[in-house]
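Protein chains in written order, with the working numbering: chain G, 491 to 1109; chain Y, 44 to 355.
Note that these hints are calculated values from the structure, not bench results. Cβ atoms here follow ideal geometry from the backbone N, Cα and C, with glycine treated the same way. A couple of the hints might just be wrong.
[As the list claims (entries may be wrong)] These stretches of chain Y come out as covered by chain G in the derived footprint (C-beta under 8 Å, 3 or more residues):
1. 52–58
2. 67–74
3. 105–118
4. 228–242
[What the hints assert, rightly or not] Below, in silico cross-link-like pairs of lysine-lysine (DSSO-like), each with a Cα-Cα straight-line distance of 30 Å or less:
5. G:Lys810 x G:Lys788
6. G:Lys713 x G:Lys762
7. G:Lys762 x G:Lys788
8. Y:Lys105 x Y:Lys149
9. G:Lys575 x Y:Lys100
10. G:Lys846 x G:Lys858
11. Y:Lys100 x G:Lys762
12. Y:Lys202 x G:Lys1042
13. Y:Lys338 x Y:Lys265
14. G:Lys672 x G:Lys707
15. G:Lys885 x G:Lys498
16. G:Lys968 x G:Lys885
17. G:Lys1042 x Y:Lys149
18. Y:Lys339 x G:Lys1042
19. G:Lys885 x Y:Lys149
20. G:Lys812 x G:Lys788
21. G:Lys575 x Y:Lys149
22. G:Lys1042 x Y:Lys105
23. G:Lys812 x G:Lys968
24. G:Lys498 x G:Lys520
25. G:Lys788 x G:Lys885
26. G:Lys1103 x G:Lys498
27. G:Lys812 x G:Lys651
28. G:Lys713 x G:Lys810
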Amino acid sequence: MSDFPRWKAWLVVAVLVFGLVWALPNIFQKQPAIQIQANSGATVNQALQERVVSILAKNHVKSSKITINGTHMLARFSSTSTQLKAYSLIRDTLGDRYVVALNLASTVPGWLRAIGANAMPLGLDLQGGVHFLLQVDTQAVIHQQLQRFREDIHDSLGQEKIKFEAVTLSGNDIVVHVADEKNLDAARALISRDDAQLDLSTSRIAAGGYQLRATLKSSELQKIETSIIRQNLATMRNRVNQLGVSEPLVQQQGTSRIVVELPGMQDTAEAKKILGATATLEYHAVDENVSDPVAAQKNGTLPPEDRVYYNRQGRAYALKKKVIASGDELIDATAGIDQTTGLPDVSVVLDSTAAKRMFEFTSANVGKLMAVVYIERIPEVKVINGKRVHTSKVKQVVINASTIQGVFGKRFQSTGLSTQQAHTLALLLKSGSLAAPMNIVEERVIGPSLGQSNIDRGLLSVLLGLGFVLIAAGIYYKLFGLVADIALVFNLILLVAVLSVFQATLTMPSIAGIVLTLGMAIDANVLICERIREEMRNGSTPLASIRAGYQKAWSTILDANVTHLIASVALMTFGSGAIRGFAITLGVGILTSMFTSVTATHAITARIHGGRKLKTLSV
Amino acid sequence: MEIFNPNSNINFLSWRRVSIVISIVLVLASLGLILVRGLNYGLDFTGGVLVEVSYAKPVDAKDVRKALQTGGIDNALVQGLGGTREFTIRMQVSKVDKKADTVATKVIRALHAQRTDVSLKRTDFVGPQVGQQLRNNGAIAVIFVIIGIMVYLGIRFEKRFAVAALVTEIHDTLLTVGFYALTQRDFNLTVLASVLAVVGYSVNDKVVVFDRVRELFRITRKASSEQILNRAINSTLSRTIITSLFTGLAMGALFFFGGPAVHGFAITMLIGIVIGTLSSIFVASPLLLWLGISKKDLMPVTKNDPELARRP
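Could you put together the complete structure from these sequences and hints?
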């Protein structure tokens, strides 16, 4: 038929092939598996594989396939029960040196994965797992920054001999109190020269004197917040990777929140310990002049530069407040066994500035005591006046106080921990400290049985929804209805293919979006068929009716779909979580349906009716 | 097969006074319900703890409540999940004094003490500040959707079409949300998404009618606005009803087989389809008439070009 060019027909075929291939991975069911990753010091290699095989063989657990993919090993099983049995066996035998995690392995054939065709990842509501939403407390960091500015201003005003009464911090403002205008102008000039990040404003106080208020510029504030979130995100990614969960999700949500989703995980306590806690080490000098720190503290003879710390056994130490090196100056930390004593230890590598400080300190203090303080921050929720308040408990423990044996800088070891503590500490130190503290504001656990039943229900409703519409359209529009039916099936395939290419997460709301798309995609065909019927009634020939039907319906279809698309785009940008998944499906569905309902049906119709003399149309 | 008489000529606009009065009454009733009775916000919005459990054998909700009370939990709301084996247990965050996981453990321990065939399906904990923000975001999304659509219609059609669509969209949204205030069904995030989907569906429906109105205005020489609007509604009537039936079928499948997670979504859509279809005919079209839509406003702009008018 002349009004349907050949290249367009080929385009339809090409898109159909693309849809079929890229939607295909989704029909391969995932297989229960166990993922084994090496902890510090261990490696995943052939020897480990043989070991795992022998562990399983000894206990008569059959695995279907064991493979090594780069840094991790994957053992597949035919059922969840054997997977669980193997999991506890392997985990207990391999011990702390490996991270063993439950996993769902892809069974998509290699040739499909080679061309980048992968199944859509399933949301937590479809496979079970743990979901956390963490609120980043940026205010704490901003306050710290302001405190630093306040001290700087205080010092530089003093150095420049500018007379001032006080420099205080009120809210997010640094307030400089001065007596007269001369000093006010001088202070203002000084601060604006030194600290370009601050916005300044002055005011006169009724009681006499002047106030100079300095606040962080909003651009600066934003910069700080962005960098905090970015660092926390990176830290969380590291920590989550250490948990050994397959396909974890760590994502920013809004301006100050981070979503963490751990599929397949059920134990929130284990996850929370790693996500919520922040741990760091501090190295302090021991003040050996204080013989009884507790008594000194009681009667006030403790030197002001000292502070009393306790170790696990409750023994008190008087330590210099000055920090020689701390956890955030650390490049690497690994847990291991001390060669000489055979006790667990943590080897630490410091960055250059801390290493220099450490070198200077140790060279001046060989033979004296140095203490390592372990600081852990554990989030807590308390109810104060009926409101939930997020606080944190800070645990400071001297884990080791030992004589400095020799001069060292960059590399050294800390002992005095249990094996478990050494591992946890090394992990927390390595995964970096958080830029700002975080609190869990949302937590969801979805059991695996619920996930499976959601998959079954979702699939059933998609198939039934599709079936109902197919039958109804076939009956009502006969041949044209059947053509529309083909287009609708094509649409479903294409929609799944596009969502798979984007690796959009499949959730229950997005399944609802798919069903809705199927219901609404047929609208374009209804419009076309009704138009063709109308044209036929007005006495046009069948071929002219088809042509006019497609032509006239097109502008309506376009307007209707564009407005609908606007709605889905707005949902995408504003919505979070559930809404987003739904909106993405809807938006993609609108686009694919415009192609399938109009272009694809036109191609098929042209193929059926083209070049034939027709008296009637089956519409 | 044809269900509708292709030559139907029902004078829909003759009922416009009645239909608009009914609409106004419904909108006021919905507003009243939303303001006075309020919505039964789901956990997503209010914050709190929700525990979903399932029993191997049927159990009475009363027994579940009793088991919770025996276990020292007496502020919980127990709801059946369409059966006698699955239940949700919900607690407000203000009454929760501990972390979510400890509360969940407490719940499951209390239930387990009474019956051993109980298992945990999922637990949700949502902090109160999350809910507040979501509610704001939801409202912003609704407003943004409505404005975006209005701007598009204003450009593609004419400002009167945009106004008519805007008013009808607000009407549809209020009525749909009003249904939730009336029935006190759980208004959660998925339902919010479906309310916005209703806006999308409804505007889709209006655009089809509007498109025909524009077309008829352009090709008809002599006819009153009322006649043209009536003809536009009549000639699109068959498609309006067939499409809503087809979409309704798909949503019906979701409603009956999709399970509790999408139940609210399907219900909202089913209601929204009815409201959206009726409002295209009985609200949007009379509004167009009253706004004084005329042939002149819809002729392509080039026709008014004096250069073109001078040509023979």
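Against the structure, the hints come out as follows:
1. 52–58: violated (count 0)
2. 67–74: Answer violated; 0 residues pass the 8 Å Cβ test.
3. 105–118: Contact hint for the region 105–118 of chain Y vs chain G: violated, 0 residues under 8 Å.
4. 228–242: Contact hint for the region 228–242 of chain Y vs chain G: holds, 8 residues under 8 Å.
5. G:Lys810 x G:Lys788: 17 Å, holds
6. G:Lys713 x G:Lys762: 29 Å, holds
7. G:Lys762 x G:Lys788: 38 Å, violated
8. Y:Lys105 x Y:Lys149: 18 Å, holds
9. G:Lys575 x Y:Lys100: At roughly 27 Å apart (the allowed maximum being 30 Å), Lys100 of chain Y and Lys575 of chain G satisfy the hint.
10. G:Lys846 x G:Lys858: 18 Å, holds
11. Y:Lys100 x G:Lys762: 33 Å, violated
12. Y:Lys202 x G:Lys1042: At roughly 23 Å apart (the allowed maximum being 30 Å), Lys1042 of chain G and Lys202 of chain Y satisfy the hint.
13. Y:Lys338 x Y:Lys265: Holds, because 10 Å separates the two Cα atoms, which is no more than 30 Å.
14. G:Lys672 x G:Lys707: 25 Å, holds
15. G:Lys885 x G:Lys498: 70 Å, violated
16. G:Lys968 x G:Lys885: 75 Å, violated
17. G:Lys1042 x Y:Lys149: 64 Å, violated
18. Y:Lys339 x G:Lys1042: Cα-Cα ~21 Å, so holds.
19. G:Lys885 x Y:Lys149: The hint holds at about 27 Å.
20. G:Lys812 x G:Lys788: Answer holds: Lys812 of chain G to Lys788 of chain G is near 22 Å, not above 30 Å.
21. G:Lys575 x Y:Lys149: 28 Å, holds
22. G:Lys1042 x Y:Lys105: This hinted pair is violated, its Cα atoms lying about 61 Å apart.
23. G:Lys812 x G:Lys968: Not satisfied, since the Cα-Cα distance of roughly 86 Å exceeds 30 Å.
24. G:Lys498 x G:Lys520: Violated: Lys498 of chain G and Lys520 of chain G sit about 37 Å apart, past 30 Å.
25. G:Lys788 x G:Lys885: 22 Å, holds
26. G:Lys1103 x G:Lys498: Given pair Lys1103 of chain G, Lys498 of chain G holds - Cα atoms ~23 Å apart, limit 30 Å.
27. G:Lys812 x G:Lys651: 29 Å, holds
28. G:Lys713 x G:Lys810: 35 Å, violated
Hint compliance for this structure: hints 1, 2, 3, 7, 11, 15, 16, 17, 22, 23, 24 and 28 are broken, all remaining hints hold.
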